[in-house]
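Sequence order for the protein chains is A and B.
Residue numbers 1 to 469, in this note's numbering, belong to the letters of the first sequence in order.
Residue numbers 1 to 255, in this note's numbering, belong to the letters of the second sequence in order.
It should be emphasised that the hints constitute simulated quantities derived from the structure, not laboratory data.
Take these hints with a grain of salt, some might be off.
[As the list claims (entries may be wrong)] In silico DMTMM-like cross-links for lysine to aspartate or glutamate, where the CA-CA straight-line distance does not exceed 25 angstroms:
| id | chain 1 | residue 1 | chain 2 | residue 2 |
| --- | --- | --- | --- | --- |
| 1 | B | K59 | A | E416 |
| 2 | B | K69 | A | D385 |
| 3 | A | K413 | B | D12 |
| 4 | A | K446 | B | D12 |
| 5 | B | K74 | A | E417 |
[Unchecked claim] Not everything, but these chain A residues come out facing chain B in the computed CB check (under 7 angstroms):
| id | residue |
| --- | --- |
| 6 | G412 |
| 7 | I414 |
| 8 | E417 |
| 9 | Q418 |
| 10 | F420 |
| 11 | Y421 |
| 12 | S424 |
| 13 | R425 |
| 14 | G426 |
| 15 | I427 |
| 16 | T428 |
| 17 | F440 |
| 18 | D442 |
| 19 | I444 |
C-beta: ideal position from N, C-alpha, C; glycine also.
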Amino acid sequence: MAKVSTMQENNDYKSKYSFSKPEHYVFKSKKGLSKAVVEEISYQKGEPSWMRDFRLKSYEIFETKKTPTWGPDLSELNYDDIYYYIKPIDKKSANWQDLPKEIRDTYKKIGIPEAERKYLAGVEAQYDSEVIYGSIKKDWEEKGVIFTDTDTALKKYPDLFKEYFAQAVPPSDNKFAALNSAVWSGGSFIYVPKGVKIDIPLQAYFRINSPQMGQFERTLIIVDKGAQVHYVEGCTAPIYTSDSLHAAVVEIFVKKGARCRYTTIQNWSKNVYNLVTKRAFVEEEGTMEWIDGNLGSKVNMKYPSCFLKGKGARGELLSISSAGKGQEQDSGGKMIHLAPATTSRIVSKSISKDGGKTAFRGLVKMIKGVKGAKTHVQCNSLILDEKSAATTYPSMQIEEADVEAAHEATVGKIGEEQLFYLMSRGITQNEATSLIVNGFIDPIVKELPLEYAIELNRLIQLEMIGSVG
Amino acid sequence: MLEIRDLHVSADGKEIIKGVSLKIKPGEIQALMGPNGSGKSSIALALAGHPHYKITSGKVLLDGRNITKISPDKRAKLGLFLAMQHPVAIPGVSVANFLRTSLCSSKKGSPTAKFVETFKKDMKELRIDESFASRGINDGFSGGEKKKSEILQLSLLKPKYAVLDETDSGLDIDSLKIVTAAIKKAVGPGIGILLITHYQRILKYIQPGFVHVLVDGRIVKSGGYKLAEEIEDKGYQAISNAKIQMSKEIQSPND
Numbered sequence: 001m002a003k004v005s006t007m008q009e010n011n012d013y014k015s016k017y018s019f020s021k022p023e024h025y026v027f028k029s030k031k032g033l034s035k036a037v038v039e040e041i042s043y044q045k046g047e048p049s050w051m052r053d054f055r056l057k058s059y060e061i062f063e064t065k066k067t068p069t070w071g072p073d074l075s076e077l078n079y080d081d082i083y084y085y086i087k088p089i090d091k092k093s094a095n096w097q098d099l100p101k102e103i104r105d106t107y108k109k110i111g112i113p114e115a116e117r118k119y120l121a122g123v124e125a126q127y128d129s130e131v132i133y134g135s136i137k138k139d140w141e142e143k144g145v146i147f148t149d150t151d152t153a154l155k156k157y158p159d160l161f162k163e164y165f166a167q168a169v170p171p172s173d174n175k176f177a178a179l180n181s182a183v184w185s186g187g188s189f190i191y192v193p194k195g196v197k198i199d200i201p202l203q204a205y206f207r208i209n210s211p212q213m214g215q216f217e218r219t220l221i222i223v224d225k226g227a228q229v230h231y232v233e234g235c236t237a238p239i240y241t242s243d244s245l246h247a248a249v250v251e252i253f254v255k256k257g258a259r260c261r262y263t264t265i266q267n268w269s270k271n272v273y274n275l276v277t278k279r280a281f282v283e284e285e286g287t288m289e290w291i292d293g294n295l296g297s298k299v300n301m302k303y304p305s306c307f308l309k310g311k312g313a314r315g316e317l318l319s320i321s322s323a324g325k326g327q328e329q330d331s332g333g334k335m336i337h338l339a340p341a342t343t344s345r346i347v348s349k350s351i352s353k354d355g356g357k358t359a360f361r362g363l364v365k366m367i368k369g370v371k372g373a374k375t376h377v378q379c380n381s382l383i384l385d386e387k388s389a390a391t392t393y394p395s396m397q398i399e400e401a402d403v404e405a406a407h408e409a410t411v412g413k414i415g416e417e418q419l420f421y422l423m424s425r426g427i428t429q430n431e432a433t434s435l436i437v438n439g440f441i442d443p444i445v446k447e448l449p450l451e452y453a454i455e456l457n458r459l460i461q462l463e464m465i466g467s468v469g
Numbered sequence: 001m002l003e004i005r006d007l008h009v010s011a012d013g014k015e016i017i018k019g020v021s022l023k024i025k026p027g028e029i030q031a032l033m034g035p036n037g038s039g040k041s042s043i044a045l046a047l048a049g050h051p052h053y054k055i056t057s058g059k060v061l062l063d064g065r066n067i068t069k070i071s072p073d074k075r076a077k078l079g080l081f082l083a084m085q086h087p088v089a090i091p092g093v094s095v096a097n098f099l100r101t102s103l104c105s106s107k108k109g110s111p112t113a114k115f116v117e118t119f120k121k122d123m124k125e126l127r128i129d130e131s132f133a134s135r136g137i138n139d140g141f142s143g144g145e146k147k148k149s150e151i152l153q154l155s156l157l158k159p160k161y162a163v164l165d166e167t168d169s170g171l172d173i174d175s176l177k178i179v180t181a182a183i184k185k186a187v188g189p190g191i192g193i194l195l196i197t198h199y200q201r202i203l204k205y206i207q208p209g210f211v212h213v214l215v216d217g218r219i220v221k222s223g224g225y226k227l228a229e230e231i232e233d234k235g236y237q238a239i240s241n242a243k244i245q246m247s248k249e250i251q252s253p254n255d
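Produce the complete structure using the sequences and hints provided.
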């Protein structure tokens, strides 16, 4: 049984945040958003005035924008019923036994070691991995790589920060980008200098001082000319959180000849609205790869995009979504071709079962003059039973004649013939279903780091055994 | 013994098999021949438990156990194997992974090292390239590759009874020799085989002890190997015109 670490948290708060102004304390525990809360956030973080002004302006934009209605139903989202900053201590799920049973069972079945379970459950603070990655960290620092959290980066590298912050995703982009811009906290900041190629993937939890599972994370990645980096975040195991709204923003700048891969797997508990804006600007001969796994949350809306701004720039998106009971996975991506000889590829695989709904929204835009541009979009949906649904909204806006554009979409059930074939070899229906589903997502799973791939396969197996028959 | 008793099979509401009876003992090879549309594949698929082919009356008994209504995987576990005429492709599921899962399910699961050894040996004998193992099952396979793949599974799974549905179709003469050699090797340990074929070419390499002629869902004639030669000479029409046998109990040569 996990120890409740309330005493530890109290001490952390005292050291990090000043309690010398009692009149501010009331905002910390209050739900809802207001100009005062935004100011308080900035004050508590000790930010420069330009950031405070930016936040306030973003809040105004947030207030004027309407909640989008073109996608899943967001009408139940109550902005006043959310904590936007520090939450009262007893609200956090500090007890292992308080976790929903299905999550505890999943952890056990997947075989997550005891210590990691506690970390994932938010019961204990992240174990000190200084010893483990200390030497790797030294190596990066010598090369001039910056890998820290966004709050620290604002203070430590102000010029670099200001040059790129909000340049890809302005607060006016959409309501949730505006919200994030007003209340953002945490996230990763990565800068890779010219020509530096980082071999091992940078993982989100390598960061020290990283607030766990931030709802309004703001990530900024800058890959300078000829450099290369692979960033990985998220977890295949289900993460329980009482925060019902997650609105992150990720901005990536890939300079000339550079390469960036961003891998995410999200498996938030089924009470979460995960509404994320992710965008990359790719310059000449640069490459951006999004690997996007959407397994959890109640409503997930995420459309990673690439703006291919320089000649020969490349954008790729591989996306898996799985929607079970009570879930809506609304995913897809955008590829905007703004220069000649640019190429893009989208592969989206989605699975729906037990009444889950998936939707693919893809946009490929090619402006006039992008001669020699090429794109290929493939979206496949698998529906496992009659209760579930899958829709696709592919869109191509091509304004240049001298390009190649191809699109294929399939929506289907698991073939009766395929099931029969496997069963005729002694494989049970459940096993056959999970073999087929794993085969269906294989082209994307192949691109995941090995541990993710293994866990994902086991998760799918678990889900299939639970749902069939 | 694999016994089919007065089997009636329908698909899409239409009766295709109108009362067929057969008995196959371990170690026996029996051939089922007939013109297109006679229902040969329907029998094969109904035996394996394909959901589309409904057994409306009659029984199928495997070693005395009534398997008429049980699911395909349970029939396979009891020792029945069907080499299909048109094996379906399952992209993303590798041949190796599929076979391993299948062997484990049938509780014939060998330790991995031994599995790989046997697997490689069998592939070599069938003249299948090693790269085969990592391809999606039947995905992009040529006709010949599909048939070899079915026989590879037969060799590895070692069932008690095997129904081979037009294994010879689409094979060139060299491949036919290789495949039939593999089948004969599998028969050695005492598998009972029902060989379904349209042409008698394969029967030159695997001589059945008994031949049955199926026309329009009924067995119209049964006999020894010579019957196959008669068909080659005279054709199916002549045979079925000569005599129509209605649901007669067929004696196996060893009775």
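Against the structure, the hints:
For a cut-off of 25 angstroms, the pair hint linking K59(B) to E416(A) stands: about 24 angstroms separates their Cα positions. Pair hint K69(B) plus D385(A) holds up; C-alpha atoms about 24 angstroms apart against a cutoff of 25 angstroms. Using a Cα cut-off of 25 angstroms, the hinted pair K413(A) and D12(B) holds, with the two alpha carbons roughly 20 angstroms apart. This hinted pair does not check out: K446(A) and D12(B) have alpha carbons roughly 41 angstroms apart, beyond 25 angstroms.
Proximity of K74(B) to E417(A) is assessed by CA-CA distance (about 17 angstroms); at most 25 angstroms being required, the pair is judged to hold. Contact between G412(A) and chain B, as hinted, is not supported at the beta carbon level, the nearest pair being about 12 angstroms apart and thus beyond 7 angstroms. This hint is violated: I414(A) has a C-beta 10 angstroms from the nearest C-beta of chain B, more than the 7 angstroms allowed. The criterion of a C-beta within 7 angstroms of any C-beta in chain B is met by E417(A), whose closest approach is roughly 4 angstroms, and the hint holds.
The restraint placing Q418(A) at the interface with chain B holds, with a minimum CB-CB distance near 5 angstroms, inside the 7 angstroms limit. Given hint, F420(A) at the interface with chain B, holds; its Cβ is 5 angstroms from that chain's nearest Cβ, closer than 7 angstroms. A cut of 7 angstroms between beta carbons decides the hint on Y421(A): the least distance to chain B is about 5 angstroms, and the hint holds. Of the supplied interface hints, the one on S424(A) holds, with its beta-carbon coming within about 5 angstroms of a beta-carbon of chain B, less than 7 angstroms.
Because the beta carbon of R425(A) sits about 4 angstroms from the nearest beta carbon in chain B, less than 7 angstroms, this interface hint is met. Checking G426(A) against chain B by beta carbon gives a least distance of about 4 angstroms; that is within 7 angstroms, so the hint holds. Contact between I427(A) and chain B, as hinted, is supported at the beta carbon level, the nearest pair being about 5 angstroms apart and thus within 7 angstroms. Satisfaction of the interface hint for T428(A) is found here, the shortest Cβ-Cβ separation to chain B being roughly 5 angstroms, below the 7 angstroms cut-off.
Of the supplied interface hints, the one on F440(A) holds, with its beta-carbon coming within about 6 angstroms of a beta-carbon of chain B, less than 7 angstroms. A cut of 7 angstroms between beta carbons decides the hint on D442(A): the least distance to chain B is about 4 angstroms, and the hint holds. For the restraint placing I444(A) at the interface with chain B, the shortest Cβ-Cβ distance is roughly 10 angstroms, beyond the 7 angstroms limit, so the hint is violated.
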